[in-house]
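Chains A and B supply the protein sequences, listed in that same order.
Start counting the first sequence at 1; every next residue gets the next number (the UniProt record's numbering).
Start counting the second sequence at 1; every next residue gets the next number (the UniProt record's numbering).
The hints are simulated quantities; they were obtained by calculation from the structure and are not laboratory data.
Each residue gets a CB set at the ideal place from its N, CA and C atoms; glycine is no exception.
One or more hints might be untrue.
[Claimed, not checked] Some chain B residues near chain A, calculated using beta-carbon distances under 8 Å:
#1 Glu112
#2 Ile113
#3 Gln154
[Unchecked claim] Simulated crosslink set (EDC-like; lysine to aspartate or glutamate; CA at most 16 Å straight-line):
#4 B:Lys137 to A:Asp70
#5 B:Lys133 to A:Asp47
#6 B:Lys56 to A:Asp191
#7 B:Lys195 to B:Glu207
#8 A:Lys209 to A:Asp191
#9 B:Lys137 to A:Asp47
[Said to hold, decoys possible] Footprint (simulated), chain A over chain B, 3 or more residues, beta carbon under 8 Å:
#10 99-110
#11 245-258
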Amino acid sequence: MGKLIATRDAFGEVLVELGERYKNLVVLTADLAESTRTNKFASRFPDRFFNMGIAEQNMMGVAAGLASCDKIVVASSFAIFSTGRAWEQVRYSICHSYLNVKVVATHGGISVGEDGSSHQATEDLSLMRPLPGMRVVVPADATETKLAIRAAVETDGPFYIRLGRPKIPVIFEDSCPFQLGKGYRLTEGEDVAIFACGVMLYQALEAEKNLRREGVKAQVINMSTIKPIDTQIIIEAAKATGAVVTAEEHQVTGGLGSAVSEVLAENFPVPLERVGIKDRFGESGTPEELFKKYGLTARDIEEAAKKVLRRKG
Amino acid sequence: MDKITSLKIRANQLRQDVIEMTAEAGSGHPGGSLSAADIVACLYFEVLRHNPKNPKWPDRDRFVLSKGHACPVLYSALARSGYFPVEELRTLRKIGSRLQGHPDNRKTPGVEICSGSLGQGISAAVGMALAGKIDKKSFRVYVLIGDGEIEEGQVWEAAMSASHYKLDNLCAILDYNGLQIDGPIRKVMSPEPIKEKWLSFGWHTVEIDGHNIPEILDAFSQAKQVKGKPTIIIAHTTKGKGVSFMENVVEFHGKAPAKEEAKKALEELREEVRQWEN
Chain A
1 MGKLIATRDA FGEVLVELGE RYKNLVVLTA DLAESTRTNK FASRFPDRFF
51 NMGIAEQNMM GVAAGLASCD KIVVASSFAI FSTGRAWEQV RYSICHSYLN
101 VKVVATHGGI SVGEDGSSHQ ATEDLSLMRP LPGMRVVVPA DATETKLAIR
151 AAVETDGPFY IRLGRPKIPV IFEDSCPFQL GKGYRLTEGE DVAIFACGVM
201 LYQALEAEKN LRREGVKAQV INMSTIKPID TQIIIEAAKA TGAVVTAEEH
251 QVTGGLGSAV SEVLAENFPV PLERVGIKDR FGESGTPEEL FKKYGLTARD
301 IEEAAKKVLR RKG
Chain B
1 MDKITSLKIR ANQLRQDVIE MTAEAGSGHP GGSLSAADIV ACLYFEVLRH
51 NPKNPKWPDR DRFVLSKGHA CPVLYSALAR SGYFPVEELR TLRKIGSRLQ
101 GHPDNRKTPG VEICSGSLGQ GISAAVGMAL AGKIDKKSFR VYVLIGDGEI
151 EEGQVWEAAM SASHYKLDNL CAILDYNGLQ IDGPIRKVMS PEPIKEKWLS
201 FGWHTVEIDG HNIPEILDAF SQAKQVKGKP TIIIAHTTKG KGVSFMENVV
251 EFHGKAPAKE EAKKALEELR EEVRQWEN
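Same shape as in the complex, but just chain A (with noise of 0.2 Å):
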């Protein structure tokens, strides 16, 4: 294992950066400056920074006025309180205005860890998904993070990017060939294929590499774009492997294995399993602890993968 990075660091670095090249960019936070990252730039630009108190709802609001007024916003909060506590404020003043405001949510999963349940948004992808003109876009490493901010900073529009709040492995060391709505391939196989997104896609990796041992070859696809969902390389690959895997640190439903599942069952029904966790909350626990406890380890994508090979037949 090569480094590990919180994709909420590599936010507030790239945050600064984009800060000196974009006058108009302003950052909102709601009383988590420090657990964001967003005090970097509140340190760096002070006058474009405002702190909104514990109230995420009226925050989603004035970003929306800011962005009216041709400013691009980041607003900036835990996962749970930017989509739940504020998701009528996300659809309406941002989405139905169609305003320029990134969500960028840190927090996302439960790899929040002893925080517990009320912490972990395990449902915030489902709740942003479904938002007309939204973008949803969960970074698998500190590399892609930085692209994916970048990039949602240089399009109009409103975005949600979900981070983690926890020290990952950084999978792209040197370059990353995130585009924005696009999935890519990490490896051939036509046993299977494994879609993953954030943190799982660690997971797939490593479970392809055991898969590979025992036979089983496995394409890996990052597909960190959740919205728009890049319809092509989930039909692509459906026809080459005819056997699909999903994994995600999110409920299984309304996520990412949703959007697979939609996309195949309208174009190119295949055999499917959905890693995730199944319709329950989080508790108490370790990351490691809590991925073991609720299925989102290499071995649990491992175990889809030869399921879904039964089911292939």
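Starting from the known structure of chain A, fit chain B onto it as the hints suggest.
Only chain B this time, still in chain A's reference frame:
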């Protein structure tokens, strides 16, 4: 004609439009549109620095109708200012119309932002005022809120943030007509004491008769003088104002006048103008 009478006639015209539009649509919110007509007339025809030929002029004053259900009066003011043809008012709430049931910036020229999911407009107005401060612009931001609307928690989050950031370029107007859909605000969920609440949130408050044009204009000029804090004009109004049988009738919050009622209402309003003109 003096300025005050001319604004009274403007407000009367907005009221006539509200009656015609909602009657034609067969739905809508006439009560809270009529209560706000004098305030909206003063804003659009006297106070606001705006350019209907260039709705996106960066230095324009902003107006947000946070109580978005009162959009008939806003659409009328926009049309009468020249943002779009007056004839278009008849398309209110119809399929394909630019005039939606609640304000939509992507459809209607002159509308700043989607509003009418209550509590959201005032936060957006705070954002606009903050943008003005960042850019050291002189534009002002006006936001009209309902008295029922202030039951929404978001309003108080917004109120807190406006005074925290000393947004003296922000002026809220409370359309204090005392009624909400389910009845008198004091019976449904009392937001009283209203003035004390805003004072304690750090706002400058001005209390006026929201149908008295000189008082409205005076309140707006007072607000411009206040430094270091936002202002709220608490405007005592009558729901359904200007039409005898609609005044203080809670049903007309969200019910359009029937054809016969509309005819009678228009007669009353036109008679009022005749009296001023003589």
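Each hint tested on the structure:
With 8 Å as the threshold, the beta carbon of glutamate 112 of chain B comes within range of chain A, its nearest partner Cβ sitting at about 6 Å, so the hint holds. At its closest, the beta carbon of isoleucine 113 of chain B sits 5 Å from a beta carbon of chain A; the interface hint therefore holds under the 8 Å criterion. Among the interface hints, the one on glutamine 154 of chain B holds; its C-beta lies about 5 Å from the nearest C-beta in chain A, closer than the 8 Å criterion. Proposed proximity of lysine 137 of chain B and aspartate 70 of chain A is supported: the alpha carbons are some 13 Å apart, at most 16 Å.
Distance restraint check for lysine 133 of chain B and aspartate 47 of chain A: the Cα-Cα separation of roughly 10 Å lies within the 16 Å cut-off, and the hinted pair is therefore satisfied. A threshold of 16 Å between alpha carbons decides the hint, and for lysine 56 of chain B with aspartate 191 of chain A the separation of about 56 Å lies outside it, so the pair is violated. A C-alpha spacing of about 8 Å is found between lysine 195 of chain B and glutamate 207 of chain B, which places the hinted pair at or below 16 Å, so the restraint holds. Distance restraint check for lysine 209 of chain A and aspartate 191 of chain A: the Cα-Cα separation of roughly 13 Å lies within the 16 Å cut-off, and the hinted pair is therefore satisfied.
Of the supplied pair hints, the one linking lysine 137 of chain B and aspartate 47 of chain A holds, its CA atoms being roughly 15 Å apart against a limit of 16 Å. Counting residues of the region 99-110 of chain B whose C-beta lies closer than 8 Å to any C-beta of chain A gives 3; at least three are required, and the coverage claim holds. With a cut-off of 8 Å between beta carbons, the region 245-258 of chain B has 0 residues touching chain A; three or more are needed, and the interface restraint is violated.
Of the numbered hints listed earlier, those contradicted by the structure are 6, 11.
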